[in-house]
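A.B. asks: Residue-level listing of the chains:
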Amino acid sequence: DTEVTQTPKHLVMGMTNKKSLKCEQHMGHRAMYWYKQKAKKPPELMFVYSYEKLSINESVPSRFSPECPNSSLLNLHLHALQPEDSALYLCASSLSGTSGSDTQYFGPGTRLTVL
Amino acid sequence: AQKVTQAQTEISVVEKEDVTLDCVYETRDTTYYLFWYKQPPSGELVFLIRRNSFDEQNEISGRYSWNFQKSTSSFNFTITASQVVDSAVYFCALSEAFDGSSNTGKLIFGQGTTLQVKP
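The listed protein sequences derive, respectively, from chains A and B. Here the first sequence is numbered in this note's numbering, starting from 428 and rising by one per residue. Here the second sequence is numbered in this note's numbering, starting from 251 and rising by one per residue.
Keep in mind that the hints are not guaranteed to be accurate.
[As the list claims (entries may be wrong)] A short, non-exhaustive set of chain A residues, derived as facing chain B with CB atoms under 8 Å:
(1) L472
(2) P496
(3) L517
(4) S521
(5) T525
(6) S526
(7) S528
(8) T530
(9) Q531
(10) G534
(11) G536
Please keep in mind that the hints were generated in silico from the structure rather than gathered at the bench. Every residue gets a Cβ at the ideal spot worked out from N, C-alpha and C, and that includes glycine.
Using the sequences and the hints given, assemble the complete structure.
C.D. replies: As structure tokens, this is what we get:
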């Protein structure tokens, strides 16, 4: 079962709102990722958790706050976003996150619109 | 520096035509991994194939085939007898082997090729 689930599928929020994106996998993977993808562009890595520890933060603004409660769950807390943050947010997971040979499996994404 | 180039931005074909999507990569590492992903309009990136730098055998999976040539740093993807359901954005990506740094496992994506298959 190579399934990564994400909720919600769509999210519209105002610049003063606080919301969270959720991601879940049950493949026994120990690495989870957040990507941001703008239209007609490749995904851009935001954060990586490996064994529930934040291992990579690609200089993402603090209005994005990741959380990994356990090895199966990954959240992205959003606060005071800007309209330019509107994008498709993809979650992925892989075996360990410590090897380039790991295949990353992606979820269906959350389409975020910031008004 | 690592880099992946997909020079074809958009390709349009008629159903049943064969189509090849090009991917050229740059890396200084001797051990690396190459991937292809498909992204249909729904948005999810679907994993298609992973190839390591020591395995230059071509691979075939149904209508899909991949040609890996280290001599030209290319990893091209061919769809035989294309179908409308093949319409999607296709990404080629590169990852380097474990080196103990924080960059381990990061995927370097190409810009993607949008394939449109018309009935």
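A.B. asks: It remains to establish, for every hint, whether it holds in the given structure.
C.D. replies: Here is what the structure says about each hint:
With a cut of 8 Å, the hint placing L472 of chain A at the interface with chain B holds, because the nearest CB-to-CB distance is about 6 Å. Against a cut-off of 8 Å between C-beta atoms, the interface hint on P496 of chain A is violated, since the closest Cβ of chain B lies about 22 Å away. Given hint, L517 of chain A at the interface with chain B, holds; its Cβ is 7 Å from that chain's nearest Cβ, closer than 8 Å. For the restraint placing S521 of chain A at the interface with chain B, the shortest Cβ-Cβ distance is roughly 7 Å, inside the 8 Å limit, so the hint holds.
Of the supplied interface hints, the one on T525 of chain A holds, with its beta-carbon coming within about 6 Å of a beta-carbon of chain B, less than 8 Å. The interface hint given for S526 of chain A is met, as the beta carbon of that residue sits about 5 Å from the closest beta carbon of chain B, less than 8 Å. With a least beta-carbon distance of about 5 Å to chain B, the hint placing S528 of chain A at the interface is held under the 8 Å criterion. The interface hint given for T530 of chain A holds, since its Cβ lies 5 Å from the closest Cβ of chain B, which is under the 8 Å cut-off.
For Q531 of chain A, the shortest C-beta to C-beta distance to chain B is roughly 6 Å, which falls under 8 Å, so the interface hint holds. Against a cut-off of 8 Å between C-beta atoms, the interface hint on G534 of chain A holds, since the closest Cβ of chain B lies about 7 Å away. Nearest Cβ of chain B to the Cβ of G536 of chain A: about 4 Å, under the 8 Å cut. The hint holds.
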